[in-house]
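Going down the list, the sequences are from chains A and B.
Under our numbering, the residues of the first sequence are numbered 1117 to 1493, in order.
Under our numbering, the residues of the second sequence are numbered 264 to 390, in order.
Rather than coming from a laboratory, the hints here were simulated on the basis of the structure.
These numbers come from a predicted model, not from an experiment.
Hints should not be assumed to be uniformly reliable.
Here are the simulated DMTMM-like cross-link-like pairs (lysine to aspartate or glutamate), alpha carbons at most 25 Å apart as the crow flies [said to hold, decoys possible]:
{"#": "1", "chain 1": "B", "residue 1": "K315", "chain 2": "B", "residue 2": "D333"}
{"#": "2", "chain 1": "B", "residue 1": "K315", "chain 2": "A", "residue 2": "D1310"}
{"#": "3", "chain 1": "A", "residue 1": "K1407", "chain 2": "B", "residue 2": "D286"}
{"#": "4", "chain 1": "A", "residue 1": "K1407", "chain 2": "B", "residue 2": "E384"}
{"#": "5", "chain 1": "A", "residue 1": "K1368", "chain 2": "A", "residue 2": "E1379"}
{"#": "6", "chain 1": "A", "residue 1": "K1407", "chain 2": "A", "residue 2": "D1396"}
{"#": "7", "chain 1": "A", "residue 1": "K1368", "chain 2": "A", "residue 2": "E1332"}
{"#": "8", "chain 1": "B", "residue 1": "K337", "chain 2": "A", "residue 2": "E1372"}
{"#": "9", "chain 1": "B", "residue 1": "K361", "chain 2": "B", "residue 2": "D349"}
{"#": "10", "chain 1": "B", "residue 1": "K315", "chain 2": "A", "residue 2": "D1396"}
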Amino acid sequence: MFPPSPMKFHHNPRESLKSGEDSAGSESALISLASIGDNSTATGHRLQPPLPPEIQPQMEMASSSDKPATGVTQFQLDAKLAPPKRKGAGSTSDKVLDAKTVRRLAQNREAAKKSRLRKKAYVQQLESSRIRLAQLEQDLQRARSQGFIIGGGAAGGNISSGAALFDMEYARWLDDEHRHMSELRTALQAHLSDGDLRVIADKYIAHYDELFCLKEVAVVSDVIHLYTGMWTTPAERCFLWMGGFRPSDLIKQAEEALSQGLEQLQQSLISTIANGSVNDSMNQMAVALGKLTSLEGFVRQADNLRQQTLHQLRRILTVRQTARCFLVISEYYGRLRALSSLWASRPRENFIAGDNSCQTSTDLQMVLSSRNQFSNF
Amino acid sequence: MHYHAESYGNYNASTVRQNAAVDPLERVVRLASGSAVVIFSLSTCCMCHAVKRLFCGMGVNPTVYELDLDPRGKELERALMRLLGDGSAMPVVFIGGKLVGAMDRVMASHINGTLVPLLKEAGALWL
């Protein structure tokens, strides 16, 4: 059984060592062996039986040693592995191998190779997932510190996965938004040409378009979350309109129409739930559910309105005006968010004054500094 | 805003023959060309309510067809959905006999300033 295997053992750790991995190399050797020994691989072949017990501990020792030592240990292992023969597997220790055996061994080699590749792909996937997880945790941390309410909420209800996903992506979008804002600011201060400004303004709009795409997904997965603004800061939530910012007074009419439509929806929903007999409650609920679905349409139309407004602004203003306008918008919301953190961290009677005042003063500085910038325009 | 239930009233032989012969899409087009601003709506739909409010707020007097109150409304609805290529049709707005579209198109054209000129051209607005 194993005499051909020393070749495999040669391949595995050396292959891994070549790729420059340290403990991973010897680990993969161990695991590859285990997968070779495991009869239940996806290739479906009846592979060689599991390693005899006396070999396994030796392999484990090998894997825990350092890289230089592994090479040495491998030779020792090969020597140890050569002798044991599994009874009844056929005399594969013969020099002359019959065709069937050769084919079987070749298949085993193939299977082992596929196993190794699969494992490599899996490890790579794990690595990138790990990085992504770290990034998500970072975003979550930042979002928490900015006063979002995530992962719970006062009622102790669970946040839906659609909502959680949107919150994460929105947090990342916000970071990019800050970056775009500083780009705008420096571009305006540097008095760049109109062409350059246009590029930056276009990037800003494209970035907002990304947000509207994210919101489109979230509308379908959790419209209540969007609509109640649980993804925004508390202060922003005070001025929320249909799941987002309120477009300017220039389009009061469109806003008003949507608001009235929504009001009718609310009235209709209330009357559905309030009326109706006890016997008919299932039906009532079904009707009410249908009406609640209409909420998606309203948030969607409101987002559409917001998006159209931004695009229209870019069309009717000069490039410089557009850049300034976008900067003003960004700063406004930046300050609203800062206000939110300030509010959340404001000193209260029970608290020790010292702790809170530190945080309050840094937040205050942030608000004041952005206001100074704002005064340039 | 005046509401039409086209199949009621005007019950004479020629109208019946006319209606029976015409396929839904042709009926839609005929109705749409009948007034400056035509809204195909559903009486229970709140988005339809919103679009009616929008036009009334602008001082326009649209002609509204409530398809759920029309005995042959279903086929008109289907024809409209096919026209828009989208399942979520209602409300559908026509101005000056030309298709504007569903709510999002109406909103977009309002914001980008094309709605008012269109209304003026159709004679629905005078100022």
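Hint by hint, here is what the structure shows:
1. B:K315 <-> B:D333: 18 Å, holds
2. B:K315 <-> A:D1310: Measuring from Cα to Cα gives roughly 42 Å; hence the hint is violated.
3. A:K1407 <-> B:D286: 32 Å, violated
4. A:K1407 <-> B:E384: 37 Å, violated
5. A:K1368 <-> A:E1379: Answer holds: A:K1368 to A:E1379 is near 16 Å, not above 25 Å.
6. A:K1407 <-> A:D1396: With a Cα-Cα distance of about 17 Å, the restraint between A:K1407 and A:D1396 holds, given a limit of 25 Å.
7. A:K1368 <-> A:E1332: This hinted pair holds, its Cα atoms lying about 23 Å apart.
8. B:K337 <-> A:E1372: Violated, at about 30 Å.
9. B:K361 <-> B:D349: 18 Å, holds
10. B:K315 <-> A:D1396: 32 Å, violated
The structure shown violates the earlier hints numbered 2, 3, 4, 8 and 10.
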